[in-house]
Structures are given as structure tokens and as C-alpha cells.
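Listed below are the residues making up each chain.
Protein chains: 4
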Amino acid sequence: MSAPAVGAVPCDVRDLALAERGKRRIEWAFQSMSVLQGIRKHIIKAQPYANLRIAACLHITPEAANLLITLRDGGANLMLCAASPNSTHDDVAASIAKDYNIPVYGICGESQEVFDVHLRTVIASQPQLIIDDGCALTATLHEKHPEAMPEILGGTEESPSGVARMRAAAKEGLLGFPVVAVSEASTKQLFDNRCGTGQSTLDAITRTTGVLVAGLNVVVVGFGPCGRGIAARARGLGANLIICEVDPTRALDAIMDGYRVLAFAEAATLGDIFITVSGNKNVISREHFDKFKNGAILCNAGHSSVEIDIENLGLTALHRRQTRDFVEEFAMRDGRRLYLLGEGRLINLNATEGLPASVMDVSYATHALSAEYLIKCNGVLQKQVVPVPLEIDRQVARIKLESMGVKIDRLTVDQEQYLATWFQNA
Amino acid sequence: MSAPAVGAVPCDVRDLALAERGKRRIEWAFQSMSVLQGIRKHIIKAQPYANLRIAACLHITPEAANLLITLRDGGANLMLCAASPNSTHDDVAASIAKDYNIPVYGICGESQEVFDVHLRTVIASQPQLIIDDGCALTATLHEKHPEAMPEILGGTEESPSGVARMRAAAKEGLLGFPVVAVSEASTKQLFDNRCGTGQSTLDAITRTTGVLVAGLNVVVVGFGPCGRGIAARARGLGANLIICEVDPTRALDAIMDGYRVLAFAEAATLGDIFITVSGNKNVISREHFDKFKNGAILCNAGHSSVEIDIENLGLTALHRRQTRDFVEEFAMRDGRRLYLLGEGRLINLNATEGLPASVMDVSYATHALSAEYLIKCNGVLQKQVVPVPLEIDRQVARIKLESMGVKIDRLTVDQEQYLATWFQNA
Amino acid sequence: MSAPAVGAVPCDVRDLALAERGKRRIEWAFQSMSVLQGIRKHIIKAQPYANLRIAACLHITPEAANLLITLRDGGANLMLCAASPNSTHDDVAASIAKDYNIPVYGICGESQEVFDVHLRTVIASQPQLIIDDGCALTATLHEKHPEAMPEILGGTEESPSGVARMRAAAKEGLLGFPVVAVSEASTKQLFDNRCGTGQSTLDAITRTTGVLVAGLNVVVVGFGPCGRGIAARARGLGANLIICEVDPTRALDAIMDGYRVLAFAEAATLGDIFITVSGNKNVISREHFDKFKNGAILCNAGHSSVEIDIENLGLTALHRRQTRDFVEEFAMRDGRRLYLLGEGRLINLNATEGLPASVMDVSYATHALSAEYLIKCNGVLQKQVVPVPLEIDRQVARIKLESMGVKIDRLTVDQEQYLATWFQNA
Amino acid sequence: MSAPAVGAVPCDVRDLALAERGKRRIEWAFQSMSVLQGIRKHIIKAQPYANLRIAACLHITPEAANLLITLRDGGANLMLCAASPNSTHDDVAASIAKDYNIPVYGICGESQEVFDVHLRTVIASQPQLIIDDGCALTATLHEKHPEAMPEILGGTEESPSGVARMRAAAKEGLLGFPVVAVSEASTKQLFDNRCGTGQSTLDAITRTTGVLVAGLNVVVVGFGPCGRGIAARARGLGANLIICEVDPTRALDAIMDGYRVLAFAEAATLGDIFITVSGNKNVISREHFDKFKNGAILCNAGHSSVEIDIENLGLTALHRRQTRDFVEEFAMRDGRRLYLLGEGRLINLNATEGLPASVMDVSYATHALSAEYLIKCNGVLQKQVVPVPLEIDRQVARIKLESMGVKIDRLTVDQEQYLATWFQNA
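Chains as they are written, first to last, in this note's numbering: chain A, 1 to 426; chain B, 1 to 426; chain C, 1 to 426; chain D, 1 to 426.
Think of the hints as simulated: they come from the structure by calculation, not from any bench. Check before you lean on any hint, since a few could be wrong.
The list treats identical chains as interchangeable, and a pair is accepted whether it falls inside one copy or across any two copies.
Said to hold, decoys possible - Cross-link-like lysine to any residue pairs, in silico, SDA-like; alpha carbons within 20 Å at most:
id	residue 1	residue 2
1	293	260
2	407	294
3	144	170
4	293	402
5	407	265
6	171	420
7	407	224
8	383	145
9	293	34
10	291	332
11	383	420
12	171	421
13	171	343
14	293	404
If we strip away everything but chain A, and leave its shape as in the complex, we get (with noise of 0.2 Å):
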């Protein structure tokens, strides 16, 4: 680990000249944090993490150094690192350490010894509280420290992976302290699956190939949320879809607002765009590289790299090669040109600058308000994976309204009554 530079906090970054850039975004960034904006005053002004440590290990992001800020002002003693190896922009990590003086350790592409070495320098300040994506920092507290964590009151999760993870160590109780699912909350499904996942995966589409989408087959693997989503925006951008699923519900549900379904043995042969996003292994596998047009393009959008089977699609393919960046052309021996986009990685991350800052917003101001919840209710909440409060769902939802401008109604005296009543006399 380099030494810290002199007079700044400590910190292991690629280079903290390019603090200045990453200034910019930050600020860039925080202009369309608006639930953020919303909630500092308060914060600022209850100091809720006072003197507590938190330990955050996030994708170094400047909507991620947002929430950072937040919760410094808002009295915490803070340390960061990074989610995973490639994550991080390093500009951003740079501003942090030398902008804001929060300790933070990431550096995009580092070694998973390296990584290994920053999640265990969190650990070793003792934190007090955890706000993880992934899981990475609390399962290597489980695994490795187990002497860290009779200090920990808690902590917030953002990713389903993450949560999935600590609800199955809580099934067989080894969760060792309450985290608030904050990848469940209602306003992050809509604001991150629906309408973030949506846009960033037809922006990243476009960027990657430069089609223009309208008129084509867009095949959509999955109805889940974040198919939803996609679906709607290609539908909006003028293609003619095609739904995949394996979930009678969802597929009928698909119908219902007028997409096309097919099994995707059929929906291969006619698709332009192949967008996986099903939360399986192998969707698109050996026995469908055949049944492609020409010039398809598939991606994935949805639960890691597994999705597309790309090693079989190389081995079946004669040769394969980089054509644009993101773009890589399979060739089939029968001549047809296949494309994949981004290693069939999520797409709508790695091809473009993430999710907008507007959807991170939400997720994060539901980060800070839970972590205030933990800590209120210390020593209340059982040892658990436990759903973000409604209330804060709420509050979280109504601040990004004001921030709108919107204005929304009250129940009356007499209505909440007659909801609480109206089943006795219906």
C-alpha cells in the first residue's frame, strides 16, 4: 500500500492528482441526488452517527462518495472500500481521500490480494456499522474477524446477491447482527430495476452497436422487474418484442400488456436483440447458436456473466474478434456473424457510466436512513436480515416528490377512519 500523502487522511488510491475531475463529478453527481439533498438538513442537524464508525464498502462511484459526504456530515467516522477490484473511478476514489478527508481504499483493477488487504484495513478500524454491496465486508467479517463483530450494531445491504446471502446465513443462525435489505425497498425496485435497469441497458445497446432499434425483434429473457423495464423502453423506442419466461404468471402477464411470448427456441430465430435478464445460468446455450439470424446481437443485462453460455458460443464459433470496443464478433462456420456485447457482462454497467445518478440516489438516502434506524433501534432488532421500515420507504418517497415539486394528498380525519372501519360495514 503506497504511504499516504502528507497531511491528508489515509488512503490508497490510484493517484490523488486526479482529485480534481473527480470533484467535478461528484458535484456533477450530487445535483441529481435530490433525496439526498432532501435529508441533509436533517442529518446535519440530528448528527445521528455521531462519533459512530462506519465502515462502507461500495462501488467507488461519485454517487457513492454522495452518500459518503452524507454521512460525515452527518457526524460518522468513516472508512471506505471498494465493492470489487474493477469498480472503482479512481478519480473519485482521489477526491474522496483528498476533498473530503474520508479514508478510502480502492483502485480500479487492483489484485484480489490487494482487495483482500482493503477489506481487512476496514475491518481493523473497528467499525461500528457495515453498508456493503455484495456482501463482500460482511461475509469477510463472518468468515475471518470474528472478533470485530460483537461491536457491530448492524448493517444495510444494497444488492439482492448480498441480502440473499445473509438471509441464508441467518436461516441457520449464523447472522451475527441485524441488516436492513435495503435492495428490497419499494422505491429502489422501481427507481433501479424498472427504470434504471431499463434505460442504462437500451442506452448501453445503442452506444455499444449504434442500431437504431425501431423496427427490430427485441427478444426480452426474463419478466421479471428489470425485464419489465427493458421492455417498456425498446417498446418505446419503437421495436416489436418478445418475452421469454419460464414463470406461467409472468408470461401471462407479458400477454396481458401485449407482448409477444415464445419459447426461446422459437424466439431465437427471429430476434435482432437478445437482452438476457433472467437470473439463470445458460438462457442462451449450445442448442440455440444455430437458430440465430445473421448480425444478432445478444447481451446480458441481468445476474452476473452467466447468463449466455460465451464459452460454448467460442468453441462452436470458427473464430471470433473485438470489432468495436464492447463488441465482439463470433463467426459461425456457416456465415452467419453473431455478436456479443461487453463479454456478456451486465451491460448496462460496464458500456456505459452506470446507473444515472438520480436512481443511486434513491438507494443510498435509503442507506443513510436506515443506518439511522439501526442505530435507534440498537439492541431492539433481532439478528436478521429485516426490511427497510415503511416509513422510510416513504419518507424516501415523498422527499424525492417535494424535490419534483409535486404535491400529493392527505387522507382526512373522517377517510382514515373509514379505511380503518370500511370492511365491517362493506
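With chain A held as given, fit chains B, C and D onto it using these hints.
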């Protein structure tokens, strides 16, 4: 009660001579009831209801008739009474009795007294299973016929308000048998609330008023499943939508779908058509009458007839008169005229033939399968409101898809394993 | 012809006693006719038709009545006959005569002979200006009453087919006076074809069949303005659309809007509902009857009743019967049943109350202003079909906007100059 | 001008070493240019341009390269210069010269002087046919090289502004040869204005700003074909649209599509994003700067860079700075910050790779076929701006459909006859 016709089953209907028209309508509806069609073969073969006495308390419509016929063909001994005094289609009731030999008690416009007699007649038949819509039969059983309870192995309930009452009863330990909440099945939500209410509400408005919806400001009060469905359909007709909500999360949801969200006091000044689906009372009330534009149309597709404060509207107006079927004009003191549709009752049910048969099909097939489930689980289920088993929900969706010729994928063994374990590797 | 009622204007209507209901409907329609409302003040003040004899040959509906009243109030001496033997609303005809003192000749269901007598009666009044819908009056004048021609200073025509005939006549030098092609005004195209036909066609289908449109495959044959309108509305109801076209440019247009385009032979195997708006004959014909799915619904909203080859459908079917109002069932030899709506006539006009009043408003206001234009330009215009002057088209749009409370911008002087010269600097 | 590389065609490009990247991009674009692909076989066989000298003045992009290659393969002797000093893709220019042996003159960022030299070089080659985009070559020919005119049998023009200038010239009898107005082909309108501009404008906004469009108020100034396309795409992304227009017919059109229409002064107070496509100057001007919300984003996708009065915006602001690529911040005296994208130039062309290849394909195929048409009609056409022949427009559409695997119907002989005569029987 009139004497049963010689040679016919006992019944109390308007006029058996209406049967021919009723039969034609029952058959017409059946053509759109593809799920009931799809489960018939199984039901006829399996005879799940063999020798069981089933009492149904339903709105007597062509679709209900087809449920009854299915149950009968599955071995049930049936008896049917009306779910409300004014909802019986007399021709259908006649045909149920005459053509299908099912005892039926319901006359459109019957007095409360006759309605009660009908309920008691059905109870007197000592039913073992209850199919209810609105809780009238179940409530009467609980309140007035405790002696009949021990025989009853369970019930199904169609309406949200019925389910709410039963849940309240169960909470106090008063529910006498398990009840399946058909109203909460996800296929029912999709078909009934989103698609059925959406289409039929706009249909009712255009039928009763003859307006061109394109270009109008349509205000939807309430953005629950029904409100969403209505908003989608009104937008599909070219309207500009304004949504009013008290729940900030729902309000935000509406905004992210591109709708305008306003407090009702402001929306009142802008709307051409107002549709209440809030589930609450007086959402259009005295303080708003002055704000409406001349010619504004008010209607309700939500809960009961309480959403619009009609009494006060009448008191505020200079005079009121019926201008067209289902359209009442209120002349205001300042010269404006407001139009109330269908006396503020559910306009989509009152001013059309009711929900499409394919909508009721999904509900009624769920009743049939839930009845089978109750019989199978006799003695196992607690005296609670229980959800429709996921498997039944999926089966309904699957049969509907098959009837549409839609094929969907199945998980491979590999994929099932992956789903079961992915969070461990996430 | 029955004798005119004592003290009333001469007329031939079903029954003057129907006038009360007719008057109520005329008034109701007027509320939606905001453009006619908007030009009334000017017309009453300017008296553009003062002492002019105007003969109108229109479908006798509440909206037509309001045009007549406007012309009368602008000084015209009027006479009205029906545009077809079966389209007269008898209550409206009665009210026009009784309540508004306008001579009217039309009885719903009148024989061709009576229809002709009515035309001749109107011609005998020596009209100076013709308002026509379908060319019956103009054609009769040209073919049988050359003596009446010199008096006539011009005409207006509502229907595309009428305009086509007149244009054909003009081409051969046979048109006796200038005719304004109201059917081609851009506001009329927008309101009538796209919005009016779109909404009313779907309305007619749901009324007559009760189907839930969501999730169905709807095949639209013809992607002209009407086809586009219908497709947009069906999509808005949740259908999956298939478009059939013979024109490649229009077909491509449909694809770029995200619709599926297929040859009809393939579409025939997929559709649940078929709507013809091609303007041609036998677009659904013998070779397709075998392809339809069981339960397919066929209807026409295009040209006359020739688009579906009903005669051959009848010959191919085993038997046919009326199952509901406007629904005829054709039982095919292989057991499938097909449903024809409204005998293949324009389903949107026949199975509903007709186009919304706000649609006809735009057309009829254009007739009124075009009549004024003809009078002003008397002697100047050639004996040709002439377009609606752009200024009238814009005036209609402007008044409609004003009636909706919509304000739009005006070009500044600078901007006008820039527009006039920009290409020189481009 | 640099000396041509030994063994290569004469050219003036940035660096022939860039050719490899250029070639890859040309090939990538070609895959989306299905109409050019579709006409190649015919052109290679028919050699319509055999031995003809064709001068093209186009933006030097991968798509333009593919047009040139097609013309070359059809027998033409070609020469290409840039249509503007800043639009040349240097890698593409290099490849055109090096890999395809076509003389090319264009360097991105060349001075006006060099630009003029390039034009003269091309003119010196004594072209017989002109392919122009923006009229620079044609205008130079007319103004400065009358001696070259007699050789020229005709031209084609890509841009509306070029066509407008040529039409103005023709009006005064000054146009020296017939010019086909490619910009007015209906397929070009569809692809370029509605689909291409729509998608690329929203693409540019999300790329440059990273905003989530869902839930924002997007103001589109101008509801011509481009405005419609942009509005449709913004709506498809979940925005709430506000349209501003000066033409009442277009304003009404927008309303009947469900959009809100407001005068700009009111829209200015509500919008989050403003997009000008009015074709006029100063539609956003001094009087509006005070009205915008803090954070409002301004951009132009219309005509030139005059639609937003940037000069006055700069004078009004306290200071301005570049905050991100293509994003300039204007800090207003009251603390609000406004953001101008891409210096008010066409954001969709400047901040993306340009229109999708499949859009340009349609235009360039029309140029190729129109050039063939000009040759065939040599001596027949008048020295006017002439429309693209309907048959070419249809052929382009037909080939595009075929490339998508879409089959459409053909009229039967019977139907053709019917169409020819129906009005006689109507």
C-alpha cells in the same frame, strides 16, 4: 316464493320462459372462458366434488352459470343464490334452473326480505362448502346459523371486501372454517383489476357519454391496480392523464410512468373526466364542486358508491336532471353543468354488460380449483383466510397460455440447481 | 309523403312526437361541438348566408342538426334531406322540424323511392349552395336536374368517396360548380380518421362481443389514417397488433412503429380479431376461411361492406345464425366457428351511436366556414374540386384549441423574417 | 495539399495510416445498410454509372463510404469532398482512399480555405453528376464555375436546406440542371426525421448528462416530423411531455396524441429538459432565461445552432464553464444553474456517432437509385427540383422489408380494377 315449475328443480326466478336467451348468453360466455374449458376434462374425470353439497352465493351472470355447470359436472350437489338483490340476470337464472337443473334463488330487484329468504333457503340445504362473493352467505351463516357450521369444510371468497371482513373475523378467532382468498390470486389481480377494470371503465364512459377521449384531461384518483389499469387504457385512447394519490410511493410510481401527479384540488380545475378508484369515501367532495370546469364528467370505478359525495353535490346544485341513460346533469348556480355517471356506483359494472367473460373465467376457475384444494386438505387447514396456493395460480396461468397457443420454456435440471444455490456463489 | 303538421314547416319525418328526445340529444351533442360554438357568434353577427337557399343532404344526426341550426342562425334558408335511407335518427329529424323550424325529409328505413322523392323535393326548392355527404344530392342534380344548376354557386362534400366521384366528373369537365373537399381538411383527417374511427371501432367491438382486448392478436388490414388510428387504440387496450398492407412504404411505416407486419395469409392463422380498413374489396376472401382460428371475429371499419367476402363465407359455412345483436356465427364444416360483426358494414358507425360529437364538430364547422368561403369567392373559383383553404383549417384548429383552454405561441416578426429567408443563409 | 501516397489514388486526408480502423467501421456500418446491400447485385450487373464522372460532396462517414463503394462498383468514376469542414471522419477518409481507391478530399477541422480548395479540386475533375448534402458543391458550381455546368446532367440533394436553396434558384430560372430532392422521399422522412432523430436525440441527452429521463418534464419545441419522433421516444422513456408550437393544426395534433401543449413562456417554468426542433431562431431567448428551473437542460436538435439565443444566455449569466464533455453550465445571478448541451448545435449528431447506419442507408440507397434515374432521363427532365420518383421510394421500402424478412400482400387483378373504379359505384 313462487312454486317450482312442475318437473323442474326447485327455484325462485323471474320467469323460466326467459331461459332460452339465458342459455344463449351462457354458451356465448363459455367460449371466452378458456380456463374453465381447460380444467373441465380433469374435473369430469376426477369428480373432485362427488356427492358434496356446495352452496354458491354469486352475482347470477352467464359466467357464474358456467362455474356452476363445471362444479355440477365434477359431481357437486349445488344450490345458488344471488350475491346482491339487484345483480341477477333473470334470463341466466332461468336457464340455470331449466336447462342445467341447478336450484337457483335470485330475482333482479328482489326485496331485502326476499334476498334473506333466498340465503336461508340455501343454508337450509346444509352445504359443506361455500363459494361466496361479498361475504353475504358466510356472514349469515356465522351470525344466524351456527348450527350449520360444523358441516362446512371451507369456503372461497371472490371480493376484497369479503376477504377483509373474513380476515377481521379470523383475527378475533371467529371464523368457522378456512376460506381461500380468491380475490388475491395474482392471475385474478391481473385480469380483474388491471385489465378488466381498465377496459370496462373506459368502455362505460364512452358508452354513456359518447365523448371522444383523445385530447381530454382524464383524472384518475387512486393509483392502485385498478387505477393503473384505467390510466393505461385512457392513455391508450389518447387522453392526457393526471393521477391523484395519498400514498407517496404510489404517487412516485405514477410519475416514473410519465403521468402527471397533482393534488386533487388542482386536478379538479383541469380535468374533463374524473374517475375515482381510491377505495375511500368523499374523495370528490364539497370543497371541489366550485373548481370543476363546465361540462366535467364524474364517475366512480372504485369502492361502493361513496367515493363521490353525491348528496352534497345535489344540495349544492341548483337543480339536477337525467339527460341520458346513466348521465345525470347537475346545474350549478354559476351556470356550469357537471355530469355524474351511473349515480356514482361502479360505472364499469353498471353501464356495461359487466367484466368480460375471459376476466371472470380466471376468477371462477380459481374458485373451482380452490374448492378442490379445500376438499383435499380437509382437516389440515386452520380456520383462517388462506391464500390461493401458488400451484393453482400457476395452473390457471398455464392453462390460459395453452388456450392462447402460447408455449413457454421450462427450467433445465441444471438451471433449477443453479437457482437453488446461486446465492452461495454470488 | 305525410302532410306537414299544422303550423309547422313542411317535412317528412317519422313522428313529430319524437321531437322531445331528439331535442335533448341535439343539445347534448352541442356541448361537445366546441368549434361550432366558437364560430356561432361571428356567424350570427356577420350573417354570411343571409337569404341564401342552402340544401343539405346529410346523415340526420344530432351533430348534423347543430350544423343546420348554425347555418340558419347565419341567415340561410335551409332544407335538409337524408344522405342514405337507413341513417336517419327519427327523433332528431322530428326535432329539427318541430323545434328549429327547418324543413327536413328523412325517415329511417325509407324505401329507395321515398329517398329519391326526398332528394327531388329538396332540389325543387332551387338551392343556391349544396352541403353534401356521399354525393347523392350533387349527383342527382347533375344527372337529372340540369335546369337547377345555373343557380348553384358551389358545394361542400363530406366523404372521400363523394369527393372522388366529383373529381372524376371535374376531370371530364362535367362538374357544374366548385366543390370544397371538406373530407381532406387536415383537422378532419385527424379527428375523423385517426381519433374518431380508432376509438369508435374498438368501442363497437367490445360492445358487440364483450371480449377483453388485452392479450389478443388484433389484425388490422390497411395502414392508412384509419388503420393507424385503430392500431393505436387496440395497442392502447393491450392487444398485440399485426398489420397487413399492400403498400411497401406504409408497411415499413408500421414496422418502424413497432408493429408486426405479415402477409394476410399468415396473419389469418394468428388473429383473434380482424378489422378491415383497406378501402378495397374481398381482402378477406374464400382462400382465408380455412385459416382462421376457432372463434375468430371479423369486422370492417373501412369502405362500404365489400371488404369481407360475406357471400362466399355464407356459402362455405355449414350454417349461420345470429348469436347476439350485431354478431353472426358461421359454423364451418370442420367445427370452427367464425363471428362476423354488423354484416360487414362499418361496424364503428353501425354498432355505436356514431362518431363522437366532437369529431363531427370539426367537419361540420369546416362545412359552415367553407360555405362562407364559397359565397365570398362566388364567380372566382373554377368548377373544380377545391381544397379547404389553409386559413379555414387553421381557424378550426385554433378555435378547438381555445375551447380547450390551450394557448400556443406566435412567431415574432424576427422569426417570420428568418423563416422567409433562412435558406439563403443555410 | 499533401502529395498522394505512392501507388495510391490522389487524395487529401489526415493520415492514410488510419485506414485500418476506418475500414473496420465501414464494414460494420455496411452490415446495417440492408437497402444498399439489396441494390448492389442489380447495380453491379447493370453498371448504370458506367464511365460516368460523379462528384460527391458528403459528410465523410462510414455510411457515405458505402454509398461511394456502391457507385464505384456500378461503374462510376468518383471523386469525394467533405460537405463541411468539421464533419470528416479521418479514419474513414483514409480508408476510402487507401482501401477503395476513391479520390477523397477532406480533413476534420480543415480551414475554410482548404475546404474551398477541396471543392475546386473536385469540380476540376469535370463531373457529370452531383451528389450533394447541403448544397455547397452545387452552389459553388453555379456561382464560380459556370464553365463546368454544361457537362452536368443532374444532381441529388440530401438536406432540406439544400433543397430549399435549389428551389429558390430554380424559381428564378437559375438552376443549371435537374436535382432530385432526396430529402423529401417518404422513406427518408420516416427513417431520418422520425426514427433517426428521435432515438439519437434522446441518446445524446442521456450520454452527455447521465440523467434518468423517466419522470422528468421534457419540453419539445416544434411538432414537425422531428418533434414527433423525439416526443415519442421521450415518452417511451417515461417522461412527461410538453409540446410548444406556433401552428394550431400541429398543436391540435399533439393534443390528440395525449401530449400537453403550452405556450413556451409557461412551459419554461415546468421543464427539466428542453429540446428545440422548430426550425426557427431564438425560440429560447432572453425573456425565458428567468423562468427556467434550477438545473434545467437546454439542447437543440433542429436547425443549425440558432434556435437557442446562446449569446444572450452568456451575457445574462454571471459566469459559464464546461462541466462535462458537451455540457456547459451557466450560473445565473439568482443562483440557478442552467445547462446547455453541445453549444446549441445539433446534439444528436454532435454528441453521438451520428445517425444509425440503417437510417443513412435509406437515404444513400435513394441517392444511388436517383442517380440512375437522372442518367436514364437525361434530356427529359427540366432544370427544376424534382421529387424522388414514387417507384424508387417504394423500391427502397420493398428492399428494406425484404431484408427484414417481411412479406406483404399484393393486390389481385380484381382489386386493382376495383380501386380504379370504385368511386363510380360508391
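The hints, checked one at a time:
no.	hint	in the structure
1	293 x 260	both (19 Å within a copy, 17 Å between copies)
2	407 x 294	between (51 Å within a copy, 18 Å between copies)
3	144 x 170	within (17 Å within a copy, 48 Å between copies)
4	293 x 402	between (49 Å within a copy, 14 Å between copies)
5	407 x 265	between (48 Å within a copy, 10 Å between copies)
6	171 x 420	between (35 Å within a copy, 14 Å between copies)
7	407 x 224	between (30 Å within a copy, 18 Å between copies)
8	383 x 145	within (17 Å within a copy, 48 Å between copies)
9	293 x 34	between (45 Å within a copy, 14 Å between copies)
10	291 x 332	within (11 Å within a copy, 37 Å between copies)
11	383 x 420	neither (33 Å within a copy, 23 Å between copies)
12	171 x 421	between (37 Å within a copy, 14 Å between copies)
13	171 x 343	neither (35 Å within a copy, 54 Å between copies)
14	293 x 404	between (45 Å within a copy, 10 Å between copies)
Taken one by one, the earlier hints fail for this structure at numbers 11, 13, listed in ascending order.
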